[in-house]
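If you read the protein sequences in the order shown, they are chains D and H.
Everything in the first sequence is counted per the working numbering, starting at 1 for the first residue and increasing by one.
Everything in the second sequence is counted per the working numbering, starting at 1001 for the first residue and increasing by one.
Calculated directly from the structure, the hints in this document are not laboratory data.
Please read all numbers here as calculations on a predicted model, not as lab measurements.
Check each hint, because a few of them may be wrong.
Said to hold, decoys possible - Derived Cβ-Cβ restraints for the label pairs, each shown as a range: (1) D:V54 <-> H:T1096: 39 to 47 Å; (2) D:Q14 <-> H:L1039: 22 to 30 Å; (3) D:S55 <-> H:P1070: 39 to 47 Å; (4) H:E1001 <-> D:G41: 33 to 41 Å; (5) H:D1062 <-> D:D79: 40 to 48 Å; (6) D:G16 <-> H:T1076: 40 to 48 Å; (7) H:I1020 <-> D:Q72: 35 to 43 Å; (8) H:V1024 <-> D:G41: 49 to 57 Å; (9) D:K42 <-> H:S1073: 29 to 37 Å; (10) D:S96 <-> H:T1076: 41 to 49 Å; (11) D:S96 <-> H:R1069: 14 to 22 Å.
As the list claims (entries may be wrong) - Distance condition first, Cα-Cα at most 25 Å in a straight line; then the derived DSS-like pairs of lysine-lysine: (12) H:K1057 <-> D:K57; (13) D:K94 <-> H:K1042; (14) D:K68 <-> H:K1083; (15) H:K1083 <-> D:K58; (16) D:K71 <-> D:K42; (17) D:K57 <-> D:K68; (18) D:K58 <-> D:K68.
Heads up, the beta-carbon is just placed ideally off N, CA and C, and yes, glycines get one too.
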Amino acid sequence: QQQVKQSPQSLIVQKGGISIINCAYENTAFDYFPWYQQFPGKGPALLIAIRPDVSEKKEGRFTISFNKSAKQFSLHIMDSQPGDSATYFCAASKGSARQLTFGSGTQLTVLP
Amino acid sequence: EPEVTQTPSHQVTQMGQEVILRCVPISNHLYFYWYRQILGQKVEFLVSFYNNEISEKSEIFDDQFSVERPDGSNFTLKIRSTKLEDSAMYFCASRTEGNTIYFGEGSWLTVV
């Protein structure tokens, strides 16, 4: 019930293409869904986040789509760039402590 | 931009030895966390700390682990008797009353 399932495990996209990463959760108590970007040897950095009362949120080239009834959310990276090559983690949190439950990560490679 | 700082960046220790990982959270933050990431795997929650006490902890955070905020600025994770399986990147994180959790760059622990 606490798991967040993420797919695909790895993704290769051409420069300028759209990268799509999907996540699914089971616990309906989750009420905050961030995406984190992690470069090798670095800590996760918040990219974009959404709450379940919104179906879509866009920030620049990054968009989260949220489907509350299906308990799924996805990250779309438009016009993908080689500098976007990193590992992306979806996550979910709930409760007063708001600790994050992370997905298993997607290693994105954007080819020049 | 304020950031979470962690020391050491890398530590090698003998199995059975005690290790202390140190963190300076962002100054006005109220909630503090430790997460770990075994090489190539997802980020896992260890413990959250608020108002000078543990608010949540995971199954990983057993009696070998402890946390302390000794002086109002530092936040430490102690592992009393390290095991080989404790080898991982340990991330400190913090947040204000909001949802966004900010991560440090991590302390890489190698137990030999």
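Restraint status (C-alpha distance of K1057 of chain H to K57 of chain D at most 25 Å): Distance of about 31 Å is beyond 25 Å: violated.
Does the beta carbon distance between Q14 of chain D and L1039 of chain H stay inside 22 to 30 Å, or does it fall outside? holds, 29 Å
Would you check the hint for K68 of chain D and K1083 of chain H, treating anything up to 25 Å between C-alpha atoms as holding? Not satisfied, since the Cα-Cα distance of roughly 41 Å exceeds 25 Å.
Please check whether G16 of chain D and T1076 of chain H have a Cβ separation lying inside 40 to 48 Å. 46 Å Cβ-Cβ, so the 40 to 48 Å window holds.
Is 49 to 57 Å respected by the C-beta to C-beta distance linking V1024 of chain H and G41 of chain D? About 19 Å separates the Cβ atoms of V1024 of chain H and G41 of chain D, which means 49 to 57 Å is violated.
Evaluate the given range 29 to 37 Å for the C-beta pair formed by K42 of chain D and S1073 of chain H. Roughly 23 Å apart at Cβ, these two residues miss the hinted range, so it is violated.
Take a look at whether the Cβ-Cβ distance between S55 of chain D and P1070 of chain H falls inside 39 to 47 Å. holds, 45 Å
Using the beta carbons of E1001 of chain H and G41 of chain D, state whether their distance is inside 33 to 41 Å or not. violated, 19 Å
Falls inside 39 to 47 Å, the C-beta gap from V54 of chain D to T1096 of chain H? violated, 21 Å
Starting from K71 of chain D, check that the Cα of K42 of chain D is at most 25 Å away, please. violated, 30 Å
For I1020 of chain H and Q72 of chain D, compare the CB-CB distance with the range 35 to 43 Å and indicate the outcome. holds, 41 Å
Pair hint K1083 of chain H and K58 of chain D, alpha-carbon separation not exceeding 25 Å: Roughly 44 Å separates the two Cα atoms, so the pair is violated.
Hints 1, 4, 8, 9, 10, 12, 14, 15 and 16, counting from the list given before, are not met by this structure.
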